[in-house]
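Peer 1: Okay, here's what each chain looks like letter by letter:
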Amino acid sequence: EIVMTQSPATLSVSPGEGATLSCRASHSVSSDVAWYQQKPGQAPRLLIYGTSTRATGIPARFSGSGSGTEFTLTISSLQSEDFAVYYCQQYHNWPPLTFGGGTKVEIK
Amino acid sequence: EVQLVESGGGLVQPGGSLRLSCAASGFTFKAYGLIWVRQAPGKGLEWLSTISFSGSSTYYADSVKGRFTISKDNSKNTLFLQMSSLRVQDTAVYYCAKSGGRYFFDSWGQGTLVTVSS
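Residue numbers (my numbering), protein chains in the order written: chain D, 1 to 108; chain L, 1 to 118.
The hints are simulated quantities; they were obtained by calculation from the structure and are not laboratory data.
Note that the coordinates shown come from a computational prediction; the quantities given were computed from them, not determined experimentally.
All C-beta atoms, glycine included, are put in the ideal place defined by N, C-alpha and C.
Misleading hints may appear alongside valid ones.
What the hints assert, rightly or not - DSS-like cross-link-like pairs, simulated, lysine-lysine; straight-line CA separation at most 27 Å:
1) 108/D <-> 30/L
2) 104/D <-> 43/L
3) 43/L <-> 76/L
4) 43/L <-> 39/D
Said to hold, decoys possible - Derived coverage of chain L by chain D (criterion: at least 3 residues anywhere in the stretch with Cβ under 8 Å from a Cβ of chain D; other residues may be distant):
5) 52-66
6) 79-89
7) 109-118
As the list claims (entries may be wrong) - If you anchor each label on the Cβ, the simulated ranges turn out as follows:
8) 27/D <-> 40/L: 36 to 42 Å
9) 60/D <-> 8/L: 37 to 43 Å
10) 101/L <-> 107/D: 22 to 28 Å
11) 77/D <-> 25/L: 31 to 37 Å
12) 61/D <-> 88/L: 27 to 33 Å
13) 10/L <-> 68/D: 20 to 26 Å
14) 31/L <-> 16/D: 38 to 44 Å
15) 53/D <-> 16/L: 38 to 44 Å
16) 40/D <-> 31/L: 29 to 35 Å
17) 40/D <-> 66/L: 20 to 26 Å
18) 81/D <-> 42/L: 18 to 24 Å
19) 60/D <-> 84/L: 34 to 40 Å
20) 73/L <-> 80/D: 39 to 45 Å
21) 43/L <-> 93/D: 30 to 36 Å
Using the sequences provided together with the hints, build the complete structure.
Peer 2: Shown next, in the form of structure tokens:
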């Protein structure tokens, strides 16, 4: 099983600042990583797939990078609607499909 | 517009059974793989099961293997999760989701709450 480890667990950021979220895979997953955003009481929303491809309708301030075992989601300038929990997911080697434990981005 | 609407959640006693449904619209249902994912209160996302576009291949997490069964009815555009031998630790919001081609998920339902308690 590929374990996805996200860091930090919580990130405190002021609106307008940038944020960098990390996701590490226990084994190489090539570029087969997706990122999701989840707000309280809502379903997850796909942000990024294939490490760096933004999903339909996702603003350009969200970007993804990495390969192999190290991946990053960068939010260039946080807007109020970006404060949420973010999950990475690998789909390279499954079952099982695996998600990271999440990073909560909160207002500083 | 893609829509996924789950139903069938509720309160069930330990050892009981429940069948979740996920009604789909806005895409060619028979052309995409689908999954069930759950989220226990205050916890992260846990993949439970995947079914291929044709329905011929199914996959399960160890935590539910032998207890849960995924299926789909392409004539009714509906995904199912039959859950049996339910445990207190199965309490969660259950989401269905549609694959985006490969097994990342570009559309999600709103979730249905399953509570297992005596």
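Peer 1: So the hint says 22 to 28 Å: do the beta-carbon atoms of residue 101/L and residue 107/D match that?
Peer 2: Cβ of residue 101/L to Cβ of residue 107/D: about 35 Å, so the range 22 to 28 Å is violated.
Peer 1: Using the C-beta atoms of residue 27/D and residue 40/L, is the stated range 36 to 42 Å upheld?
Peer 2: 26 Å, violated
Peer 1: Quick check: does the Cβ-Cβ distance between residue 81/D and residue 42/L fall within 18 to 24 Å?
Peer 2: 22 Å, holds
Peer 1: Looking only at beta-carbon atoms, does the pair residue 40/D, residue 66/L fall within the given range of 20 to 26 Å?
Peer 2: 33 Å, violated
Peer 1: Given the hinted pair residue 43/L and residue 76/L, is their Cα-Cα distance within 27 Å?
Peer 2: 32 Å, violated
Peer 1: Between residue 104/D and residue 43/L, does the CA-CA distance stay at or below 27 Å?
Peer 2: 12 Å, holds
Peer 1: Within 30 to 36 Å: is that where the Cβ-Cβ distance between residue 43/L and residue 93/D falls?
Peer 2: Violated: the Cβ-Cβ distance is about 23 Å, outside 30 to 36 Å.
Peer 1: Starting from the hint 29 to 35 Å, judge whether the C-beta atoms of residue 40/D and residue 31/L obey it.
Peer 2: 33 Å, holds
Peer 1: At least three residues with a C-beta closer than 8 Å to a C-beta of chain D: is that true for the segment 79-89 of chain L?
Peer 2: This one is violated; 0 residues, fewer than the three required, reach chain D with a Cβ under 8 Å.
Peer 1: For the range 38 to 44 Å, tell me whether the beta carbons of residue 31/L and residue 16/D fit it or not.
Peer 2: Roughly 42 Å apart at Cβ, these two residues keep to the hinted range, so it holds.
Peer 1: A range of 20 to 26 Å was offered for this pair. Does it hold for the Cβ distance of residue 10/L and residue 68/D?
Peer 2: 44 Å, violated
Peer 1: Does the Cβ-Cβ separation between residue 61/D and residue 88/L fall within 27 to 33 Å?
Peer 2: With a Cβ separation near 41 Å, residue 61/D and residue 88/L fall outside 27 to 33 Å, so the hint is violated.
The structure shown violates the earlier hints numbered 1, 3, 6, 8, 10, 12, 13, 17, 19 and 21.
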